[in-house]
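Each chain, written out:
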Amino acid sequence: MDFKLKIWRQEQAAVSGKMMAYTVKDISPDMSFLEMLDQLNENLILSGQNPISFDSDCREGICGQCGLFINGRAHGPRGHTSTCQLHMRSFQDGETIYIEPFRAGPFPIKKT
Amino acid sequence: MYFSTDSKQIPKAKVPQGDLRDKWSNFKDQAKLISPNNRNKYHVIIVGTGLSGASAAASLAELGYNVSVFCFQDSPRRAHSVAAQGGVNAMKNYKNDGDSVHRMFYDTLKGGDFRAREANVYRLAECSASLIDQAVAQGVPFAREYSGYLSNRSFGGVQVSRTFYARGQTGQQLLLGAYQAMMRQVKAKKVTSYTRHEMLDLVLINGVAKGIIARNLDTGEITRHTANAVVLATGGFGKIYYLSTLAMGCNGSAIWRAHKKGAWTACPSWTQIHPTCLPQSGSYQSKLTLMSESLRNDGRIWVPLKKNEDRKAVDIPEEERDYYLERRYPSFGNLAPRDIASRAAKERIDAGHGVGSLKNAVYLDFKDALAKQGKAAIAKKYGNLFDMYEKITGINAYKEPMKISPAAHFSMGGLWVDYELSTNIPGLFSIGESNFSDHGANRLGANSLLQACVDGYYILPQTLPHYLAQSGKPETINSDDPAFLESELQVKQQLENFGKINGHKTVDYFHRELGKILYDKCGLTRTEKGLTLAIEAIKNLRDSFYKDLKIPMKTDGINEELEKAGRVADYLEIGELMCIDALSREESCGAHFRMEHQTNDGEAIRNDEEFNFISCWQKSDKAPVLIKEVLNFEFTKPTERSYK
Ligand SMILES: Cc1cc2nc3c(=O)[nH]c(=O)nc-3n(C[C@H](O)[C@H](O)[C@H](O)COP(=O)(O)OP(=O)(O)OC[C@H]3O[C@@H](n4cnc5c(N)ncnc54)[C@H](O)[C@@H]3O)c2cc1C
Ligand code: FES
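These protein sequences, in sequence, are chains A and B.
Take 3 as the starting number for the first sequence in my numbering and just add one per residue.
Take 1390 as the starting number for the second sequence in my numbering and just add one per residue.
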């Protein structure tokens, strides 16, 4: 599967951010959303760009460390599913996906 | 030679005198105390806020000591204890099924294949009952019977029911209890919590642990922290295999950096590889999720008889299926213990019978149970697991069998500790999964939540003050001491050097490669040849890491790649010691299975004559040095573990 990504990039809390466009290719539907971002980061790092910062730890939906605002909804399209448990089969091939940080007091933006 | 042996050094286990039943009481009777008005003069650092660290911090602060706790997550309650599902063991004998402290002690010792210290294991069983009362008092919602009594389950390797549980979230609920007890002390200003801080070095002054160097993961600032004692509660390092049931941030760095300062590492290669995890589905995968072992009660495990089978599971007729656990272990069948079930799966997968797109899994089939008991009954027992399976794989396991595969799960090995949970460095303690203590060569399910809690709530609060009381007047430690400055400088240099390499490969590349080597050569089965090859391969990989790594340069501010680089640099050293440890132990015991030491029908041969000891590894400029703590079985007689 291929996707167009629009990701909110912000270097620090104090500076302003903006939406940036990326593409990812050859994504397996069995990949988790965060693994898809891992793959994007791998490419960004190797080409000398700044990888996207996002939180995760357990990656099994129990610790509460992950959380992205995906297509205008916290943790994406499925109910009862944390971002780390969301898989790419929940999206359409070729789709544009909007990824932003939470905008909530308890989850301040540090870097994206 | 890959290592040398020092038979002159005899580790001091400090096991108290007396009968097994009296040892812990004898210790407490004689332990030195610090009076309440003096406790305030001592400061203790605890690295880690999982069950072991949080329970220790809460208990020591309650006693009156000042405590600083560190964790790399943004909240102490996200420590990986949160992910434990199945339950916690305790000897309450609520079921009246013949349980006793001695039986629990013996089950644990035997489960560990007689490679642990009797006195420690006995104390674990002895202290277990109090934990349940303590947790209930904190409000931990253990499952109850209709009558209101706490409910128990049975777990592998035992014949009684002594496992307490809170749905499939026992670790999370226990951790919330410990976390709240600790946060109460944070509010009372007895505990200072440093979240998003990673310990990067241990500082010794005149050979005694006096503090740590940590990095603030948000700002990149390197800070010095002094203390009268340091406790490592940093959890397991199974993530060294890259694919594992551990969290992304789990690491071996804290214990390894202590090792480099002189702390012994015990039996680092003893890793529990859990049989029922979701298989890897592609090279991008970052994590293997555990599926509860309880599924093996009704699911039947099989692989196709034909090699490289390409038909779908449902199209393979009954007579072309190999139910290999039932075939090899007729009496335990699908419920054979973890190490045995995992090894049997690997044997079939390696022989070309694996299933799934990467041919790395076996089937766990509910067809017969569904036919016999009906869908409703199966859904009632395992509905949440079937849902979770579908969420991750997209497959409906009511219609076709699950695919499962073994995954690295728990580190029996860790820092060597004596009976008082002190490492061989005075003032440095290690608790929870980070130490090597009670589980021997194989841990029984539901015993590690117990160990983490017992270490933190009951043992350390007795033994650490005993150490402080013996070490004279509380001294103020100067964070400008040359030892701190030197440590800080080294840490900073290492971080800067990672950025300067500017090669062509990411940290994850090196981590994945290391994981492959370890799974293949130092995983479920080990051979002399394989381990020798692995040691060379890891050395080469380490060389190429320092030549070809690429991470973003900056050391200030958030830089996840820099964090990972430090962890993987340590893994590349720990991995080598794991292989040396496995190579040096020419026997099969528990999770450590040397192919050269097995019976004709593939069962482990333990060698008590030559290997009745814990391997303690000491760092040296040349090859690592092996020091042996010989085990004395005064109260039990080691027997053979058989599940035929
Ligand atoms: C998926 C899963 C299921 C399990 N299920 C069970 C079960 O049902 N029953 C059972 O008994 N056991 C189970 N276990 C094992 C058990 O959960 C663990 O052994 C136990 O919780 C470990 O607790 P701990 O306090 O030692 O470490 P953890 O809870 O892992 O905590 C480690 C802490 O150390 C911190 N840390 C680590 N390194 C550093 C560093 N360098 N600097 C600063 N901080 C650091 C972390 O931030 C964290 O706070 C399971 C394990 C897993 C992975
Ligand atoms: S990473 Fe733990 S809940 Fe998502």
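The set of hints was computed from the structure by calculation and includes no laboratory data.
Predicted model only: the values in this text are computed from it and were never measured.
One or more of the hints may lead you astray.
[Claimed, not checked] Over the 10 Å line for every Cβ pair with chain A, so calculated as not near, a few chain B residues: (1) ASN1485; (2) TYR1673; (3) GLN1859; (4) PHE2022.
[Said to hold, decoys possible] Pairwise CB distance ranges (calculated): (5) PHE104(A) to ASP1699(B): 41 to 47 Å; (6) ASN52(A) to GLY1596(B): 41 to 47 Å; (7) ASP95(A) to TYR1391(B): 48 to 54 Å; (8) GLY74(A) to PRO1530(B): 33 to 39 Å; (9) GLU13(A) to GLY1892(B): 22 to 28 Å.
From the three backbone atoms N, C-alpha and C, an ideal C-beta is built for every residue, glycine too.
Status of the hints after comparison with the structure:
1. Non-interface call for ASN1485(B) relative to chain A: holds, since the shortest CB-CB distance, roughly 34 Å, exceeds 10 Å.
2. With a cut of 10 Å on Cβ distances, TYR1673(B) falls inside the contact zone with chain A, its closest approach being about 5 Å.
3. No beta-carbon of chain A is positioned within 10 Å of the beta-carbon of GLN1859(B); the least distance is around 38 Å.
4. The Cβ of PHE2022(B) lies farther than 10 Å from every Cβ of chain A, with a closest approach of about 39 Å, so its non-interface assignment holds.
5. A C-beta distance of roughly 45 Å is found between PHE104(A) and ASP1699(B), which places it inside the suggested range of 41 to 47 Å.
6. For the hinted restraint 41 to 47 Å between ASN52(A) and GLY1596(B), the CB-CB distance of approximately 43 Å keeps it satisfied.
7. Here the CB-CB span from ASP95(A) to TYR1391(B) is close to 51 Å, well matched to the stated 48 to 54 Å.
8. Checked against the given bound of 33 to 39 Å, the beta carbons of GLY74(A) and PRO1530(B), roughly 35 Å apart, stay inside it.
9. Distance hint check for GLU13(A) and GLY1892(B): the Cβ-Cβ separation is about 25 Å, which falls inside the suggested range of 22 to 28 Å.
Violated hint for the displayed structure: number 2, the only one.
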